[in-house]
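Colleague: Sequences are here, hints too, so could you generate the full structure?
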Amino acid sequence: MTGESVPPPEEPIPAAPAPPRPIRARDLGAAGSRLLHLQALLTPDRMQGPGFAFSLVPVLRRLYPDRDRFAEAMTRHTSYVATHPLLAGYVLGAAARLEAKRAAGEPIDGARIDALKRALASPLAAIGDPFFWVVLRPLSGLAGVLGIALFGAADPSSPDVRVLLCPLLLLLTYNAVALPTRWRGVGAGFAAAESPADLLRSLRFADWRELLERGGAFLYGGLLALLAAGLHAATMAGGSGLGPVGAALLPLALGFIVARAFLRRGAAATVETALTVLVLAALVSLAL
Amino acid sequence: MIADFLRIAFLGGMLAVDRAAGWNLMLSQPLVAACLAGALVHPGAEWELWALRIPIAVGALLQLLLTNAALPAAQKPHDTATAGVVGSTVAVLGMGHLHAVIPTSAGGLLWVLLGVLSGLVAAVLGGWVQGLNRAAAASDSRRAVVLAAAGDAAGYERLYLGALVRIFTLGALWTWCGALVLLAAAIAILPRVAEGVTTKRIGFVFAVILGGAVATAYETHVRGVKGGLRWTAAGAAATAALLLALAAEAA
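Line by line, the protein sequences give chains C and L. For the first sequence, my numbering assigns the number 1 to the initial residue and increments by one for each residue that follows. For the second sequence, my numbering assigns the number 1 to the initial residue and increments by one for each residue that follows.
Calculated directly from the structure, the hints in this document are not laboratory data. Certain hints may be false.
Stated by the list, open to error - Which chain C residues stay away from chain L? Per the calculated CB distances, all over 12 Å, these:
| # | residue |
| --- | --- |
| 1 | 115 |
| 2 | 118 |
| 3 | 188 |
| 4 | 202 |
| 5 | 230 |
Stated by the list, open to error - Residues on chain L that point at chain C, a partial pick, calculated with CB under 10 Å:
| # | residue |
| --- | --- |
| 6 | 47 |
| 7 | 49 |
| 8 | 70 |
| 9 | 72 |
| 10 | 113 |
| 11 | 120 |
| 12 | 137 |
| 13 | 147 |
| 14 | 153 |
| 15 | 163 |
| 16 | 164 |
| 17 | 196 |
| 18 | 203 |
By construction, the Cβ of each residue, glycine as well, lies at the ideal position given by its N, Cα and C atoms.
Modeller: Below, the structure written as structure tokens:
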């Protein structure tokens with residue numbers, strides 16, 4: 001032993017990481033606008049996964065100029081995602097934030113990004129589906145139908161503008177809530193990526209749902225009153241084939257009872273119920 | 001008529017994208033779809049005013065009948081997006097073709113019923129057509145995963161936009177075919193049963209289907225809602241009071 005220290009073998013100097021490219025607002029904007037097509041490749045095994053990856057392409061392209069890392073990220077995001085389409089922006093914004101941190105060299109692995117997506121996607125579906133599909137969509141439809149009475153019958157000699165106003169009322173009722181929700185989703189998700197629980201708590205759809213449900217029942221009462229008034233007017237005017245009010249109420253009640261009986265057995269079969277009622281009515285009318 | 005069918009085919013394609021691809025702007029709701037179709041179809045100058053009124057009634061009835069409060073995953077695969085377009089088109093164009101051979105239409109109610117029936121049938125058949133898209137989407141999804149793993153962003157985007165175009169094309173083709181076939185069926189069948197089409201029967205069937213629509217709306221808006229009947233009574237009372245006040249003012 002000479003006492004001379006042997007120099008350690010030279011370690012390869014790690015390549016300097018590519019400087020992180022921060023996500024720009026326009027990348028998030030492009031990703032958010034692509035969410036409009038989120039469900040074009042909806043399949044049972046991946047649900048909105050392919051659409052989610054498609055929406056994230058502008059962000060991932062920016063973050064990962066390197067093809068391998070881009071491919072890895074794309075593969076991660078084509079996996080199973082199932083959330084409410086209008087609230088998908090929250091998931092997308094949060095995922096984009098974590099991808100940006102990962103691209104910048106922070107110790108965030110793919111599993112954490114997947115976990116965040118799962119932590120947001122399912123609760124958002126549970127919040128969004130009952131609010132938008134079960135309450136708001138039917139309510140806006142009912143508002144559009146009520147518009148027929150609201151805007152009044154047109155002068156018989158002029159075009160009936162209700163053909164435009166009623167659909168407009170429906171669209172405005174729904175989109176007054178849906179579009180702002182969509183608009184702020186990506187930004188809010190991006191800002192709250194570290195605290196998904198707070199993000200979920202900040203969404204007050206459950207409170208609004210109760211209010212809108214009551215509003216729906218209230219409008220339904222309005223529909224009944226308007227229907228009664230319309231029926232009265234039609235039977236007074238004659239020529240509609242409805243006969244006197246009593247005679248008109250009988251088939252109306254028959255349709256109501258038969259349809260309710262069918263719907264109570266299979267609530268999801270509205271089309272089949274309507275067809276059955278129509279065919280039964282046609283058959284019974286042969287006896288008249 | 002060719003121009004009418006081209007217009008409604010385009011509308012059907014757009015509505016299919018709205019419903020299936022994720023726009024979800026509610027353009028595909030039956031009331032909107034029926035009214036848009038009514039504005040696009042021209043049965044002839046003498047029927048222009050009717051062409052606007054009948055779609056409102058067809059759309060309103062279909063809106064109530066087809067509104068389903070069940071979650072989309074729990075529903076049967078019906079194409080409610082193009083039902084309004086097909087129903088409205090068959091009603092308006094059927095009126096133009098058949099008014100000469102059908103002695104009575106009960107103030108247009110016959111055409112409304114024809115439109116509602118066509119819309120309902122179109123919803124069921126359209127659901128089968130959507131099965132074609134589901135099969136193609138499953139195949140495309142597998143290809144998308146391969147392209148993503150290869151990092152082929154351009155290929156992935158092309159594939160995805162192709163899926164979007166397929167939804168539009170299927171919706172447009174189905175709307176065109178469905179409206180044409182159902183209109184042809186109406187033109188072939190209705191004259192044969194014209195003698196049995198009476199004002200009384202039309203009124204009866206219309207009232208029954210209206211009752212069915214009210215029942216569907218009840219299931220959607222009242223049943224299961226906390227205090228639903230109370231809110232319904234309040235709505236009815238408020239509307240009745242408003243109508244009485246308006247009537248008194250008019251008098």
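Colleague: Please check whether residue 47 of chain L passes as an interface residue: C-beta within 10 Å of a C-beta belonging to chain C.
Modeller: 12 Å, violated
Colleague: The hint names residue 196 of chain L as touching chain C; please verify it with the least Cβ-Cβ distance against 10 Å.
Modeller: This hint holds: residue 196 of chain L lies near chain C, its Cβ roughly 7 Å from the closest one there, short of 10 Å.
Colleague: Have a go at the residue 72 of chain L hint: is there a Cβ in chain C nearer than 10 Å to its own Cβ?
Modeller: 6 Å, holds
Colleague: Classify the label on residue 115 of chain C as holds or violated, using whether its beta-carbon is more than 12 Å from each beta-carbon of chain L.
Modeller: For residue 115 of chain C, whose nearest Cβ neighbour in chain L is about 20 Å away, the distance exceeds 12 Å, so it holds.
Colleague: Is the Cβ of residue 188 of chain C farther than 12 Å from every Cβ of chain L?
Modeller: The assertion about residue 188 of chain C holds, with a minimum of 19 Å to chain L.
Colleague: For the hint on residue 49 of chain L, does the least C-beta distance to chain C fall short of 10 Å?
Modeller: 6 Å, holds
Colleague: Can we confirm that no CB of chain L comes within 12 Å of the CB of residue 118 of chain C?
Modeller: The assertion about residue 118 of chain C holds, with a minimum of 18 Å to chain L.
Colleague: Closer than 10 Å between Cβ atoms is the bar; does residue 120 of chain L clear it against chain C? Give me holds or violated.
Modeller: The hint holds - residue 120 of chain L has a Cβ within 10 Å of chain C, the shortest such distance being about 5 Å.
Colleague: Tell me if the interface restraint on residue 163 of chain L is satisfied: Cβ within less than 10 Å of some Cβ in chain C.
Modeller: Result: holds, 5 Å to nearest chain C Cβ.
Colleague: Residue 230 of chain C clear of chain L by more than 12 Å, beta carbon to beta carbon?
Modeller: Per Cβ check, residue 230 of chain C is inside 12 Å of chain L; nearest 10 Å; violated.
Colleague: Would you check whether residue 203 of chain L satisfies its interface hint, that is, whether its CB is within less than 10 Å of any CB in chain C?
Modeller: 3 Å, holds
Colleague: Less than 10 Å between beta-carbons is the criterion; does residue 70 of chain L satisfy it with respect to chain C?
Modeller: 4 Å, holds
Comparing the model with each numbered hint stated earlier shows that hints 5, 6 do not hold.
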